[in-house]
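**Q** Chains as they are written, first to last, in the numbering used here: chain A, 1 to 261; chain B, 1 to 297.
Among the hints, a few may not be true.
[Stated by the list, open to error] Keeping only pairs whose Cα atoms sit at most 30 Å apart, straight-line, the calculated DSSO-like set for lysine-lysine is:
{"hint": "1", "chain 1": "B", "residue 1": "K126", "chain 2": "B", "residue 2": "K69"}
{"hint": "2", "chain 1": "A", "residue 1": "K229", "chain 2": "B", "residue 2": "K5"}
{"hint": "3", "chain 1": "A", "residue 1": "K258", "chain 2": "B", "residue 2": "K222"}
{"hint": "4", "chain 1": "A", "residue 1": "K229", "chain 2": "B", "residue 2": "K15"}
{"hint": "5", "chain 1": "B", "residue 1": "K5", "chain 2": "B", "residue 2": "K15"}
{"hint": "6", "chain 1": "B", "residue 1": "K69", "chain 2": "B", "residue 2": "K5"}
The set of hints was computed from the structure by calculation and includes no laboratory data.
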Amino acid sequence: MTIVRHELRQGRTALAIWTGSIAFLLAACVFLFPGMRSQMAAVSEAFASMGGFTAAFGMDRLRVGTLTGFYAVESGSILGLGGAFFASLTGASALSKDERDRTADLLLTHPISRGRVVTEKLAAVLAQIAALDLAALGAALLSIRLIGEAVPWREILLLHSAYALLHIELACVCIGLSAFLRRGGAGIGIGLAAALYALELIANMTGRAGALRYITPFSYCEGADILAKGRLDAWPVAAGMLFAAAGAAMAYCRYCGKDIR
Amino acid sequence: MDAIKTEGLTKYYGKARGIEDVSLTVRQGDFFGFIGPNGAGKSTLIRTLLGLLRPSAGRAEIFGLDIGKDRERILARVGYLPSEAAFWPGMRVQDALRLSAGLRRRDCRRTAAQLCEQLRLDPSQKIDTLSLGGRKKTAIVCALQHEPELLILDEPTSGLDPLIQREFFTVLRERHEQGAAVFLSSHILSEIQRSCTHAAIIREGSLIAGGSVAELVHAGAKRVRVQGRVELHALDGVRDLHPSADGADFLFSGDTAALLSALAAGDVRELTVSEPDLEEVFLHYYQEGSGYDHRPA
Chain A
1 MTIVRHELRQ GRTALAIWTG SIAFLLAACV FLFPGMRSQM AAVSEAFASM GGFTAAFGMD
61 RLRVGTLTGF YAVESGSILG LGGAFFASLT GASALSKDER DRTADLLLTH PISRGRVVTE
121 KLAAVLAQIA ALDLAALGAA LLSIRLIGEA VPWREILLLH SAYALLHIEL ACVCIGLSAF
181 LRRGGAGIGI GLAAALYALE LIANMTGRAG ALRYITPFSY CEGADILAKG RLDAWPVAAG
241 MLFAAAGAAM AYCRYCGKDI R
Chain B
1 MDAIKTEGLT KYYGKARGIE DVSLTVRQGD FFGFIGPNGA GKSTLIRTLL GLLRPSAGRA
61 EIFGLDIGKD RERILARVGY LPSEAAFWPG MRVQDALRLS AGLRRRDCRR TAAQLCEQLR
121 LDPSQKIDTL SLGGRKKTAI VCALQHEPEL LILDEPTSGL DPLIQREFFT VLRERHEQGA
181 AVFLSSHILS EIQRSCTHAA IIREGSLIAG GSVAELVHAG AKRVRVQGRV ELHALDGVRD
241 LHPSADGADF LFSGDTAALL SALAAGDVRE LTVSEPDLEE VFLHYYQEGS GYDHRPA
């Protein structure tokens with residue numbers, strides 16, 4: 001657990017900033033809802049006339065005048081995408097930052113296996129994601145209570161579970177990529193998250209999701225689908241977890257035999 | 001049992017040469033100097049021994065344990081000082097020492113405190129604010145605090161001021177007297193000659209000489225200074241010749257009888273024959289090259 005503690009200590013500032021920002025924005029959106037509820041019918045009509053743009057964000061299938069519909073749209077952008085950036089950044093730099101900063105020499109000349117280094121770094125990344133997601137959930141629940149609404153537990157928990165799975169998948173894939181990098185991976189992490197989000201938008205706009213549903217993890221975080229079905233789509237989630245497992249396996253395979261120059 | 005033993009150890013970075021066919025033995029209790037200029041392959045050998053690099057060919061053992069299969073068992077008994085001391089941002093010295101001890105699952109507080117005092121290192125200081133020498137001192141304490149049986153030190157004195165260098169070598173000699181083997185790479189020959197019992201010279205990835213420091217110095221060329229006239233062109237074994245108006249200065253590694261005959265045939269007013277220092281031996285090997293017949297040093 002020494003490396004887990006060390007990684008958490010090293011990442012605490014970034015975690016605090018990302019968590020604070022996401023929790024604040026989520027709560028702020030919830031606080032805006034009572035004032036906007038009366039205008040939401042007009043907003044829905046306006047969105048309905050925007051064709052592909054409306055479809056891209058799933059707003060053609062959501063009733064944004066309801067708390068759950070409104071929350072699904074807002075949390076998808078703030079927690080879904082924001083958390084995805086954090087997870088990708090943290091994962092992509094987990095292994096490569098030590099080579100970039102030349103601290104790998106110090107770390108890897110201690111009597112610990114490379115496998116244990118990967119395990120503890122992965123555990124640290126997942127712990128940070130759990131902290132961010134739990135804080136975001138707490139902020140959402142508290143703010144819903146504070147505006148006097150009943151908490152739609154099932155919908156909120158389904159949405160937040162989907163985001164947590166999205167973050168886990170991206171972090172695992174990025175830690176796999178991180179094992180191949182020597183110069184940090186912030187750009188690659190952010191780029192991957194943005195590209196996968198763009199794929200989801202394209203799939204929604206064209207109406208031809210097909211295989212894209214199984215490639216981009218944002219597909220199983222689609223608020224409109226989750227609220228309509230009252231569950232997560234099992235197959236895209238399973239595909240996502242397979243990608244996550246493949247990413248973690250790639251990290252072990254590559255890092256355990258890698259030359260640290 | 002040998003502290004370090006390599007046989008035909010080779011490392012290529014793609015097509016680029018790192019080290020080639022390095023066979024070397026460091027006995028337990030040796031104070032071993034590994035000499036070579038920058039880029040000769042010193043760090044590559046060290047990083048391969050420590051498992052940071054995978055060898056392209058050959059094998060190596062530390063305390064009889066294979067560097068590939070028994071990496072963790074080896075590292076538990078080794079202290080390593082990298083040439084560039086890098087730490088994580090925001091850490092204090094004591095955090096780095098605690099992390100290193102934690103990774104070894106050892107309580108090293110007493111030894112760490114002693115070393116910090118000897119090297120005049122404040123454990124409460126932030127590493128980011130330390131000079132290069134301060135960071136190096138932190139890395140030295142990390143390498144020594146668990147009292148390893150083998151110390152592998154890559155360019156250990158770079159960045160240290162002369163007073164701390166002296167204190168550092170005092171600590172190393174103490175550890176050596178307590179039974180630890182020391183393997184020290186450097187291109188500063190005076191520090192090897194002053195401290196090491198054995199040494200090896202590496203050039204372009206290959207070992208070109210090795211043995212006890214005394215042997216290396218004595219078995220190599222003699223420094224000959226002649227005042228007067230002497231004919232050296234026909235004499236084999238003359239190197240590093242510096243003719244002057246009233247004589248010549250050269251390294252001689254040929255037949256002593258032939259040298260005496262040449263001197264007798266000339267008009268020599270004054271003659272000095274001395275042992276060269278390690279720097280001259282090093283330059284001799286680097287200028288002329290040499291095959292290295294591997295024998296335990």
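**Q** Against the earlier hints, flag every one the structure doesn't satisfy and list their numbers going up.
**A** Those not satisfied are hints 1, 2, 3, 4.
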